[in-house]
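Q: Model the full structure from these sequences, guided by the hints.
Number of protein chains: 2
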Amino acid sequence: MAISVDTFFLNPDAQGTLQAQIQEMIAEGVLSGRFRVGEKLPSSRKLASHLGISRITVTLAYTELLANDYLTSRGRSGYYVSENAPVPPSYTPPQRSDDAVDWSQAIARTFTGGDTPRKPRDWRNYRYPFIYGQVDASLFDHANWRLCALRALGQKDFAALTNDYFDQDDPLLIEYIARHTLPRRGVTARPEQILITLGAQNALWLVIQLLLNRGRKAAIEDPTYYTLRDQLTHVRCQMDCIPVDADGLPPEQIAEDTDVIFCTPSHQSPTTATMPMARRKQLLERAREIDAVIVEDDYEFEMSFLGAPSPALKSLDTDGRVVYVGSFSKSLFPGLRLGYLVGSESFIRQARALRASVLRHPPGHIQRTVAYFLSLGHYDSQIRRTAKELHNRRLVIEEAIAAHGLSISGVGVYGGSSLWMRAPEGVDTAAAAERLREKSVIIEPGAPFFAPQHRKQNYYRLGYSSIPASRIEPGLALLSEALKPS
Amino acid sequence: MAISVDTFFLNPDAQGTLQAQIQEMIAEGVLSGRFRVGEKLPSSRKLASHLGISRITVTLAYTELLANDYLTSRGRSGYYVSENAPVPPSYTPPQRSDDAVDWSQAIARTFTGGDTPRKPRDWRNYRYPFIYGQVDASLFDHANWRLCALRALGQKDFAALTNDYFDQDDPLLIEYIARHTLPRRGVTARPEQILITLGAQNALWLVIQLLLNRGRKAAIEDPTYYTLRDQLTHVRCQMDCIPVDADGLPPEQIAEDTDVIFCTPSHQSPTTATMPMARRKQLLERAREIDAVIVEDDYEFEMSFLGAPSPALKSLDTDGRVVYVGSFSKSLFPGLRLGYLVGSESFIRQARALRASVLRHPPGHIQRTVAYFLSLGHYDSQIRRTAKELHNRRLVIEEAIAAHGLSISGVGVYGGSSLWMRAPEGVDTAAAAERLREKSVIIEPGAPFFAPQHRKQNYYRLGYSSIPASRIEPGLALLSEALKPS
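Same order as they appear, the protein sequences are chains A and B. Following my numbering, the numbering of the first sequence begins with 1 at its first residue and continues without gaps. Following my numbering, the numbering of the second sequence begins with 1 at its first residue and continues without gaps.
If chains are identical, the list can't say which one is meant, so a pair holds when it fits in one copy or spans any two.
Straight-line Cα separation of at most 27 Å, BS3-like style, residue types lysine-lysine; simulated pairs:
(1) K40 to K388
(2) K119 to K156
(3) K388 to K46
(4) K456 to K484
(5) K439 to K456
(6) K119 to K484
(7) K456 to K119
In case anyone wonders, no lab produced these hints; they're calculated from the structure. Fair warning: this is a prediction, and the values are worked out from it, not measured in the lab.
A: Printed below as a string of structure tokens:
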């Protein structure tokens, strides 16, 4: 690659001759790793004209750099970074500024810290990745995804790809969700009641900004998806963390002064409990009594291979009280970042305005690609194939769990892609997870799911969406070894 | 397309026989537009088994619907929605719930309203679209974009496409920005000083959340990009709107107690003024004096066809005081939604944490596609081609402006894709814009750019990035007619 002439500037305050300055610029470019071996320098004519200096100055600088072996010349074709030039391990530009700003003062609110744990980014290199929420390359219909993406990149869809939609969504995707996806959950919604988001997490974030503030109270499940708790902490609302039981969130525990109830009725996260129909009705009744809004996170509903899924809580909602959160990130792949919100029109109007202010709209090309993948039936096939394979792995993992004397804590009637597990009292699963990494095993420690005041150390989550069936048993053998109380 | 059996649910509280319920479900599906003419119903066997009822009940319901002409039968291949079935104009599901929630109470903060105007979404249908910030299909290198997207969809990049990066960005894209893009602005930055955002607007939003709150003060240019003012209004900070002059923001007007200064030195938005070097140094000096952070929005820097761009303000920053905002949305296409922030490491760390909480990360596939488009040199060619064409249009528009006696208010030395115009005193450009739409002309009224207390009605912006050169003169003829004081 040629080095662009536009990256050369003369510093008006610089010391030394022009020739020395040019030599220094180039040497610094090489030493910092910005210029790489074999890259071509601008011609002396071009550089001289760009900098407004005489060509001989540039030529002299180049000749000097040639002598010092920073550059090499290939006859008339010009100057290149020499193979003998020093090569830094990576691009590390010189620090040109000292931080004169006290950022701890300048930053009004911090967002670091919190409960959300960091997962290993190189999980694909592990032999036994009982990781949750990542994609299994062997199950993903890559070929058809590519075809749909290509179609969405075609001339016909140019406007959909490139337009600034301002605050709008792709009408094709919205229509598919309204006509095909939501009816599977028993939910009916008009287009103006649906908003596309940058994944389910972004959907929850939007809801939280709109419905909660310091003076208001949220009720959440305990344990729960930790990022939700972090998001609520950021708005500084009050938070009741209500322990779930085998049927999920107990409605009678929800306090009178609650404004918003967050729940995962299909498949409690992380315990996998499915809320029975009777309790769903009680939950709606309780919300009506105290005039609270319910936020239903219906993640992974497609993975109901153990039994037909019950309709969403939203389908029973005759009050417009339930805000429904759906996602394609889990069922397609998490890097996609595409989800949606369904709710009353007045609510969706505000969510749309907030989304427009924060990020305008999710990229048009991604919306259109998903619309094609859905409407051509690839999504349904993918879901069926994945559910079948997850069912198989579920049988394998349950057998191996029994064989190794491990304990399942939550049992859903639903399916899903993970199990919520309990290690013997006294075992710290965070420490065990650390040790297990050395044996190429990844498990997810359970503590971050619990509210700080109820934190338990001996739970963990076993994901089986990214581990081949044949590795499950050997992985659990290592796990069982590591969890033995010492 | 076949209608999925999963979209059928029996309502446990329903009245009437099972057969009547099934008939009603299907009739409602047809009448609402959810089922379309020619779509295939599930087989009676499948539907009966799904609902857990006897097959004869389903068969009787289907037969009845056949008699009523909702369905048609094609022998052994099954039942289809009949061509004679009533067809609604669009999908309009029955309203199943009344809003029992008082959303004006339930919503803690509203985000609708504000200054950001709505632009016509169907602008491509206008003959004279002097619209700003949209893409010109004839200039975009669609073929190579498609190739890069395809490459990013390949097996080799599967992980980059599908992975959940948690809070990370595509290392390829970050490296390109650090080594090639920023050096063109005279800026050096290490990867940990760069954060990819969902466009420049999202970058500004992140900065505002981190640096401002009710107790703090922002200084902004007046006129300015209206969405910035809306974003600042949402955090309820104090706001000084400082009138710009022909050299942009005057540093001496910035109040002592200012915490954050927002500016567009390369190319003031919307007046197009370029800040001279001497004033840039004064601005940095003023910020140092009052210990304020500067946010530099360096939009459209590539479109500097009138003269070489001066290095970014950030390149002069030896204090780590400047937060730099860049974007690919303008130079590629706005639907892309990709931009970046460059700043001190402590600042970027917090911005990364906030971004992770709000939306995790911009989609991996888009990051990788842009990385290829940049590193294969397509971006540079595209920029050159676009700048050349914009230069040509600029000559045409300036000539036509002179010929029709229109007045340019701001003159940048830089280039860009728009002009800031002044109509005669007393002309309301919003009303004129309204009238001009009927003549297929789009212009952008200037009032929303001004702070409410200084709002002027007789300014407007003329974009020339989406209008072919040949239509500029006839468009301006219509415009000149419409702007005559009545």
